[in-house]
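Colleague: Sequence:
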Amino acid sequence: MRRTFVVFGALMGLTACVPPIARAQSEAAHEQSTSWGVDITASSAYMWRGMTDIPEPSLQPSVWLSIGPLTIDSWFSGPDPDSGLRLREHDLTVEYEHEAGPINLTAGWTHYFLRYNPVDRHAHEVFARLSREAAITPTIDIAHTLESGGGTTVIPSVESRIPVSPRLQAIGLLAVGYNHHQWI
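Numbering (the working numbering), first residue to last: 40 to 223.
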């Protein structure tokens, strides 16, 4: 457990290394904002880091709360094809984001509750993400799983968002993940 806190502390410390935002911004920009939302994703199959976990259709609702640079997200996946409409997985994520102009650095922790797994139902992961906002946004994610097999995953990606309407957008994403010396 001590190792968990050391890794998490190191990732959080990385956010302090990013240069501060220019002081020329107005005072209004420095006020803490609070927002919340509900997102629902529907997919023809549930994929996690490039591997198909459930080949059947999946609904993935998420409820999140952001207070300034801190975001708490409660995410679910279901239905479980083996038990009717029951949820398959619940993830709780706490992340801290630091912006410096077009550069975003995020670090955080995720708790995975895997209802379908009779042995390793709980897993924890610490992560860091570095991205640069642009028409095509490059990102690199590094995540270290602390239980459930352990391991570190590195995922470089590029993403483009195209507004379809004020509340709807299309997202193009290309990502490649690497873990345990195997391309996934």
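Among the hints, a few may not be true.
Computed Cβ-Cβ distance ranges for the label pairs, DEER-style [as the list claims (entries may be wrong)]:
| id | residue 1 | residue 2 | range |
| --- | --- | --- | --- |
| 1 | E95 | L169 | 11 to 21 Å |
| 2 | L169 | W87 | 20 to 30 Å |
| 3 | F152 | E95 | 19 to 29 Å |
| 4 | L207 | P157 | 31 to 41 Å |
| 5 | Q71 | T91 | 14 to 24 Å |
| 6 | M86 | R160 | 28 to 38 Å |
| 7 | I79 | A214 | 31 to 41 Å |
| 8 | R160 | P202 | 32 to 42 Å |
| 9 | T91 | G190 | 31 to 41 Å |
| 10 | P141 | I210 | 27 to 37 Å |
| 11 | Y135 | S83 | 11 to 21 Å |
| 12 | H161 | P94 | 19 to 29 Å |
| 13 | F115 | R200 | 33 to 43 Å |
Derived from the structure by calculation, the hints contain no laboratory data.
Because the structure is a prediction, the values reported are computed rather than measured.
The C-beta atom is built at its ideal place from N, Cα and C for all residues, glycine as well.
Colleague: Decide, hint by hint, whether the structure agrees.
Modeller: Verification of the hints:
1. E95 to L169: 11 to 21 Å: violated (34 Å)
2. L169 to W87: 20 to 30 Å: For L169 and W87 the Cβ distance comes to about 21 Å; the hint holds.
3. F152 to E95: 19 to 29 Å: holds (20 Å)
4. L207 to P157: 31 to 41 Å: Because 40 Å falls inside the window, the suggested range holds.
5. Q71 to T91: 14 to 24 Å: violated (40 Å)
6. M86 to R160: 28 to 38 Å: For M86 and R160 the Cβ distance comes to about 21 Å; the hint is violated.
7. I79 to A214: 31 to 41 Å: violated (22 Å)
8. R160 to P202: 32 to 42 Å: Cβ of R160 to Cβ of P202: about 40 Å, so the range 32 to 42 Å holds.
9. T91 to G190: 31 to 41 Å: violated (19 Å)
10. P141 to I210: 27 to 37 Å: Check failed, 18 Å falls outside 27 to 37 Å.
11. Y135 to S83: 11 to 21 Å: violated (33 Å)
12. H161 to P94: 19 to 29 Å: holds (25 Å)
13. F115 to R200: 33 to 43 Å: violated (24 Å)
Of the hints listed earlier, those the structure fails to meet are numbers 1, 5, 6, 7, 9, 10, 11 and 13, in rising order.
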